[in-house]
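Participant: The residues making up each chain are set out below.
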Amino acid sequence: MKHRGYYGSFGGAFLPEILIPTFDELVAAYENARNDPAFWNQYQQLMAEYSGRPTPLTFAANLTRHFGGAKIYIKREDLNHTGAHKANNVMGQGLLVQKMGKKRVIAETGAGQHGAACATMAAKFGFDCTIYMGEKDVMRQRPNVFWMEQLGAQVVPVTDGTKILKDAINQTFRDWVTHMDTTHYVLGTACGPHPFPEMVAWFQSIIGKEARQQILEQEGRLPHKVYACVGGGSNALGLFSGFMDDPVDLVGVEAGGKGIDTGQHAARLSSEDASPGIAQGYKTFFLQDNDGQMKETHSISAGLDYVGVSPILAHMHEIKKARFESATDTEVVDALKLTIKTEGIIPALESAHAFAGAFREASDLSGDQIIIINQSGRGDKDIFTVAEALNDPEWKTFIQKKAAQYHA
Amino acid sequence: MTHIVMGYPSFDDCHDMVRQMVAAGVDLMELQIPFSEPMADGPVILKANQSALERGATVARCLTFAKDMAARYPIPFLFMTYANIPYRYGMAAFAKTTADIGLHGAIVPDLPMEEGADYIEAMHDNNLSAIQMFSPNTSDTRMEQIADVSSGFIYCLARKGVTGEDTKFSPDLVRYLSRCRNAASVPLAVGFGIKDRADMNFLKAMADIAVIGSQTIRVMEEHGVNAVREFIQDLFPAA
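Order-wise, the sequence lines are chains A and B. In case it helps, the working numbering puts the first sequence at residues 1 to 408. In case it helps, the working numbering puts the second sequence at residues 409 to 647.
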């Protein structure tokens with residue numbers, strides 16, 4: 001293992017000795033794939049026929065009129081097979097797993113989108129699959145658990161620590177240090193030890209490549225700003241990567257939870273609450289106390305509820321290559337409602353953070369300016385959370401009746 | 409070498425365990441500074457870490473406890489913790505404090521030599537051991553590179569997996585430990601999964617230091633702090 005995978009002072013590979021040979025093998029497989037144009041072609045072909053790519057870039061005429069500022073476009077990652085950008089990463093890693101000759105995949109999941117995508121990939125490629133999911137998230141996202149199990153995956157609720165995404169990641173690593181010979185860990189975001197941040201960002205770069213080409217075709221010019229929500233950071237890096245060398249503002253929107261002042265949020269880059277640390281195999285900004293113990297995070301969206309953030313984004317934040325904002329749970333629900341009513345599009349709660357961040361700024365821009373919002377996933381999976389947030393009386397009655405049926 | 413998680417179940421109980429271990433003949437101890445994300449630890453030590461933190465085991469409190477133990481008992485003590493703890497404390501400051509309070513070194517499982525240059529240098533500057541690890545899938549070449557930056561002893565993981573699971577003491581293990589012996593001139597400690605006297609007898613010829621980690625914590629949880637001494641004494645081959 002060489003000293004690599006650094007973005008400024010962030011990144012690295014802080015691995016237990018037992019995993020070093022596994023990572024050497026993974027790095028080699030990844031570098032071979034990256035240097036082989038045939039691999040990317042195979043990947044694009046797979047994503048076209050299995051996941052419906054390229055996903056559309058939708059002009060949001062009604063939202064544009066509503067805000068009376070910039071022209072608003074939406075990159076439709078929700079239209080991927082399995083309903084989120086997570087498909088891009090899992091299918092890419094699935095191809096790598098085939099090349100490495102492994103037969104089993106394991107993954108962590110927060111909202112369940114990555115787990116469901118991974119279970120789908122495993123079903124298609126014929127791999128055994130185990131998904132680790134925080135017990136709290138299992139409660140929040142039962143429908144995704146149901147589908148993962150139908151897809152043949154074993155879903156293991158994680159009852160350690162804070163019982164959310166970070167704890168699921170630790171547990172997946174514990175599985176991996178035991179079964180690395182047969183098993184690949186399909187990490188779901190651009191975090192963790194090298195090569196994961198770089199590799200996941202590479203697979204997700206398909207978003208930005210398409211978006212850039214599409215906006216040039218549809219408008220003949222580049223956008224002024226692009227917005228993406230930031231949990232681990234993979235959908236943001238996917239979109240941003242298309243505009244790295246362009247004069248485009250890259251805006252990441254983190255989970256403001258109940259408000260930055262309350263301390264109950266997951267804002268690592270857009271608040272003063274996070275600091276550099278080392279955990280889960282990499283160095284980045286973590287929400288931690290002075291001793292270095294990780295804090296509890298909060299977000300209405302399980303997928304953004306994470307203590308760390310991609311080291312690539314941490315570096316972009318430090319060199320001011322990207323700007324980071326946050327949106328509170330309340331702002332997110334408002335943005336979600338508006339988007340559903342005006343455009344007939346249902347973003348995931350995660351993605352709705354990007355919408356909320358963009359809506360805040362859209363009116364200040366002029367009509368000849370363009371913004372792109374990354375709709376990283378679809379929101380119908382969030383029906384339980386959203387219905388609760390909207391306090392919908394009919395929904396409550398339905399659930400009560402349904403529960404009574406099961407009691408009978 | 410035995411292992412305790414500082415602050416679990418309480419600092420007073422930890423002191424009792426140290427006292428009993430020393431009385432039972434333990435001649436080297438790991439004092440773990442708990443961390444919220446103990447990636448390499450299995451369920452027993454993982455829960456001990458969480459519980460210690462919930463009960464308020466801060467780094468400062470752990471340092472005070474370790475200083476007290478080092479002053480009271482005539483055996484060498486080492487810290488065990490994860491990289492973020494010394495990183496947040498400051499690598500140089502952590503090494504200096506470790507030396508000042510009379511500990512002999514540290515084991516940091518998520519700080520491989522490629523990432524740990526600052527840490528290893530700071531430890532060596534203070535005449536402390538920065539204990540490195542071998543694992544069964546570490547290549548011969550890498551073992552030699554690791555041995556080059558090692559001091560004190562080398563911690564040989566007996567198997568894949570996390571702490572506290574069963575280890576099969578097999579011919580593969582014999583071959584692996586002889587690879588370890590060839591690569592390193594410092595003593596070898598073997599850990600992960602030692603539970604009884606049969607395991608100890610097996611290791612006696614192969615290694616210099618036997619590591620008893622999760623099992624003492626299990627014994628303490630099941631039979632109370634006072635059972636620790638007997639458990640350890642039973643491990644030693646009859647004289």
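Be aware that a few hints might be false.
What the hints assert, rightly or not - Simulated restraints, written as ranges between beta carbons of each label pair:
| id | chain 1 | residue 1 | chain 2 | residue 2 | range |
| --- | --- | --- | --- | --- | --- |
| 1 | B | D533 | A | N41 | 49 to 55 angstroms |
| 2 | B | R589 | A | S9 | 36 to 42 angstroms |
| 3 | A | G152 | B | R626 | 52 to 58 angstroms |
| 4 | B | A468 | A | D261 | 23 to 29 angstroms |
| 5 | A | G152 | B | D421 | 51 to 57 angstroms |
| 6 | B | D526 | A | A28 | 25 to 31 angstroms |
| 7 | A | T159 | B | R480 | 54 to 60 angstroms |
| 8 | A | Y406 | B | A431 | 56 to 62 angstroms |
| 9 | B | R589 | A | A28 | 55 to 61 angstroms |
| 10 | B | D526 | A | K209 | 52 to 58 angstroms |
| 11 | B | R480 | A | R323 | 33 to 39 angstroms |
| 12 | B | E529 | A | D245 | 53 to 59 angstroms |
| 13 | A | P247 | B | N535 | 36 to 42 angstroms |
As the list claims (entries may be wrong) - Simulated pairs of lysine-lysine, DSS-like, Cα-Cα distance not exceeding 27 angstroms:
| id | chain 1 | residue 1 | chain 2 | residue 2 |
| --- | --- | --- | --- | --- |
| 14 | A | K136 | B | K576 |
| 15 | A | K163 | B | K475 |
| 16 | A | K295 | A | K337 |
| 17 | B | K568 | A | K99 |
| 18 | B | K455 | A | K102 |
| 19 | A | K102 | A | K136 |
| 20 | A | K136 | A | K402 |
| 21 | B | K576 | B | K603 |
| 22 | A | K341 | A | K136 |
| 23 | B | K612 | B | K568 |
| 24 | B | K475 | B | K455 |
| 25 | A | K99 | A | K136 |
| 26 | A | K258 | A | K337 |
| 27 | B | K576 | B | K455 |
| 28 | A | K163 | A | K341 |
| 29 | B | K612 | A | K103 |
| 30 | A | K341 | A | K396 |
| 31 | A | K396 | A | K337 |
| 32 | A | K209 | A | K163 |
| 33 | A | K209 | A | K103 |
| 34 | B | K504 | A | K102 |
| 35 | A | K163 | B | K576 |
| 36 | B | K576 | A | K103 |
| 37 | A | K295 | B | K576 |
| 38 | B | K576 | B | K612 |
| 39 | A | K321 | A | K341 |
| 40 | A | K396 | A | K136 |
Hints are computed from structural coordinates only; laboratory data are not their basis. None of the values given here were measured: they were computed from a predicted structure. Even for Gly, the Cβ is constructed at its ideal location relative to N, Cα and C.
Participant: Check whether the Cα positions of K136(A) and K576(B) lie no farther apart than 27 angstroms.
Facilitator: Distance of about 36 angstroms is beyond 27 angstroms: violated.
Participant: So if I understand the rule, the pair passes when the alpha-carbon distance is 27 angstroms or less; does K136(A) with K402(A) pass?
Facilitator: holds (22 angstroms)
Participant: Has the given pair, K163(A) with K341(A), been kept, meaning a C-alpha gap of at most 27 angstroms?
Facilitator: violated (34 angstroms)
Participant: Could you tell me whether the CB distance from D526(B) to A28(A) stays inside 25 to 31 angstroms?
Facilitator: About 28 angstroms separates the Cβ atoms of D526(B) and A28(A), which means 25 to 31 angstroms holds.
Participant: Within a Cα-Cα threshold of 27 angstroms, do K163(A) and K576(B) meet the stated pairing?
Facilitator: violated (32 angstroms)
Participant: Starting from K341(A), check that the Cα of K396(A) is at most 27 angstroms away, please.
Facilitator: holds (21 angstroms)
Participant: Does the Cβ distance between G152(A) and D421(B) fall inside 51 to 57 angstroms?
Facilitator: The hint (51 to 57 angstroms, Cβ to Cβ) is violated, given that G152(A) and D421(B) are roughly 46 angstroms apart.
Participant: Is the hinted pair K209(A) and K103(A) satisfied, with a Cα-Cα distance of at most 27 angstroms?
Facilitator: violated (31 angstroms)
Participant: Can the restraint linking K576(B) and K455(B) be considered satisfied, given a maximum Cα separation of 27 angstroms?
Facilitator: holds (24 angstroms)
Participant: Could one say that the CB atoms of D533(B) and N41(A) fall in the range 49 to 55 angstroms?
Facilitator: Cβ of D533(B) to Cβ of N41(A): about 53 angstroms, so the range 49 to 55 angstroms holds.
Participant: Measure nothing beyond the straight line between the CA atoms of K612(B) and K568(B); if it is 27 angstroms or shorter, mark the hint as holding.
Facilitator: holds (21 angstroms)
Participant: Tell me if the beta carbons of R589(B) and S9(A) are separated by a distance inside 36 to 42 angstroms.
Facilitator: Distance hint for R589(B), S9(A) holds at roughly 38 angstroms.
Checked against the numbered hints above, the structure violates hints 3, 5, 7, 9, 10, 11, 12, 13, 14, 15, 16, 18, 19, 22, 25, 28, 29, 32, 33, 34, 35, 37, 39; every other hint is satisfied.
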